[in-house]
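Trainee: So the chains spell out like this:
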Amino acid sequence: MYMSYLNPKRWVHMMGRKKFGEFLVLAAFMLFFYGPLLHMFMLAFANKYEMPGVLPQEFGFQWWRYVLAQPTLVSSIVLSFTIALITTALSLLICIPAAYVLARYEFPGRKLVMFSFLLGNAFPKIGIYASMGIIFYRIGLMGTLPGVLIVHLLGGMMLMIWMPTNAFKSVPRQQEEAARDIGAGPIRTFFYVTLPMAWPGIAVASMFTFIGSLGENQGTLLVGLPNYRTMPVEMYGVILDYPATAGAVFALILLIPNVLLLFLMRKYVGPETLSKGFKMG
Amino acid sequence: MSGNAKLEIRDLTMLYKTGDGVRNINLAVEQGELVTLLGPSGCGKTTILRTIGGFLQAASGQILISGKDITHMLPEKRPTAMVFQSYNLWPHMTVYENMAFGLKLRKVPKSEQKRRIAEMLEMIKMSGYEKKYPGQMSGGQQQRIAIGRSLLLQPDVLLLDEPFSALDAKIRSQMREELRKIQTDLNITVVFVTHDQEEAMALSDRIVVMNKGSFEQVGPPQEIYNRPASRYVADFIGEMNFIPMPDGSIKAVRPENVSVSPGTGGNLDGYVRTIMMLGHYIEMTVDTDCGIVKLFVSAEEAEQYKRGNPVALTLGESHRYNDDQSAAG
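First to last, the sequence lines map onto chains A and B. Residue numbers are given in my numbering: position 18 of the first sequence equals residue 18, and the series is strictly consecutive. Residue numbers are given in my numbering: position 250 of the second sequence equals residue 1250, and the series is strictly consecutive.
The set of hints was computed from the structure by calculation and includes no laboratory data. All clues given are correct.
Using 25 Å as the maximum straight-line C-alpha spacing, the simulated SDA-like pairs for lysine to any residue come out as follows:
1. Lys1104/B x Leu195/A
2. Lys169/A x Pro1134/B
3. Lys1132/B x Met1093/B
4. Lys111/A x Thr1018/B
5. Lys267/A x Gly1135/B
6. Lys1006/B x Arg1050/B
7. Lys1077/B x Gln175/A
8. Lys1114/B x Gln175/A
9. Lys1107/B x Phe191/A
10. Lys1107/B x Pro186/A
11. Lys169/A x Ala89/A
12. Lys1294/B x Arg1307/B
13. Lys267/A x Met1093/B
14. Lys111/A x Tyr100/A
15. Lys1131/B x Tyr268/A
16. Lys169/A x Thr1046/B
17. Lys1107/B x Gly185/A
18. Lys1017/B x Arg110/A
19. Lys1017/B x Tyr105/A
20. Lys1077/B x Pro196/A
21. Lys1131/B x Gln175/A
22. Lys1017/B x Gln174/A
23. Lys1017/B x Gly1061/B
24. Lys1107/B x Phe190/A
25. Lys1017/B x Arg173/A
26. Lys111/A x Ala203/A
27. Lys1107/B x Met1120/B
28. Lys1077/B x Gln174/A
29. Lys1068/B x Arg1023/B
30. Lys1077/B x Thr1013/B
31. Lys1110/B x Arg188/A
32. Lys1104/B x Arg188/A
33. Lys1107/B x Ile187/A
34. Lys267/A x Leu254/A
35. Lys1006/B x Ala1059/B
36. Lys48/A x Gly60/A
37. Lys169/A x Gln1057/B
38. Lys1077/B x Arg188/A
39. Lys1006/B x Ile1182/B
40. Lys1068/B x Gly185/A
For clarity, every value in this text was computed on a predicted model and none was experimentally measured.
Let's have the full structure, built from the sequences with the hints guiding it.
Mentor: Right, dumping it as structure tokens:
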């Protein structure tokens, strides 16, 4: 006997009215959320795509070859990843010691220091970048790599302080004392016991910093141009000057590291580390 | 104090900002002796232990180990090893790595590390656990490893801070026995901190009963139990009946030193209040004019009593304390 699997009546009776309603909402949400992503994905692998068609007329890697053949685009990819790496390394160097102090030592104004890092994120970024721009002009940091790096560092600062601080706090003091007791000095204790135990939280913060740096555009546009054109900065040009299919390829390249890092994070870091990372105090 | 003490504390004072802490502590522990610091939480017992370990700084006084002043030494330089209540194995290291860490710092050759760790695991009955992570083991197993990790470094003095209080009762008493055996086999000097008087009685060569930052009584378990120096000690160690006397002093009698007979005409008369089965003996409470008195009777003996029966109590060995808590004889 013929039976239609797509008959919605069967679905309603199978799931019940309420469940079916929930299912519809979920389906709509998925379409809204993933639809544009899927469309972009499709565009990136379309050789030929002309307007009235729903699906591309021809699939292939033509636009990948095209984008990867543009020297300015390729150099912006390299630059973006280089800057993201340096930013992450630098902010680790700066923020890890600061976070350790904030986690382990009680001093007057400790809460205020924690709070001040939140403040930077509480205003529209463009205002902060504009005032930074004025200062950068005066001291000659406009259009320089240090200028761009400072902008990127500031973007990730709150996360890089808060999450490692809480990660250090969650390492019981007695674990460190046990190491001291056994004969390790303060520095050995830090590198063999404290840091490895706080590592999941620090790793998450580093990933966010890396992703944040890859995506940073306002500040880079303001401070870096014309010498430092990262991927998101190039994106503005790509959207205006290239066909949509080239833009999709470029956007996908920007997306790959984010997706990769998110997968890694899901695999190695639980939601607990994340939620603990944002506690203040 | 005797000159050959392994650990000697001289006039030690260590105060917190709040004003709590310990004042003018003097204690000498002999080689191979197990001394327990016993008291309720907040009495300063852990403070003393942590000061010996180097995690707290003494305000004044001296700590000597084998005659050498260690009062101002960093914890990593002291010949002490500490075992904490919460095990404190490093969760990112295997059992073997946990145990090897201290040996590595002391530059013990790899082959000898291996041999010594294998021997230690054998002694604490944990052979075969080398590759396990702490999270894969029970609390009791983790604490064994923690003790083994400390013993491996052959400390002059082993410090134990309520090491068994996070374990359940059965494992706790088993660990006690094993610790006592290892301690006597190796003849190591141990300072043990606990709030559990039963544990202190079972383990110690000597007990220090502490109250509010100072010593109430120091002595072997038998002496502390049979001749408590103050009402505080009498109350803290074992069970005790306190009976107010007409002259204002207080008579203290252990339940096992009270005997009971039907009727009246004892040192103290009253009525049976409760009869409670506690295994091989029966606990009886008696309502008297001087309050409730607790005593133990055998199961056969208990059969003749019912709730509300009049009974006569005979008080055996007793102590007398004045209300100001000092011993009156």
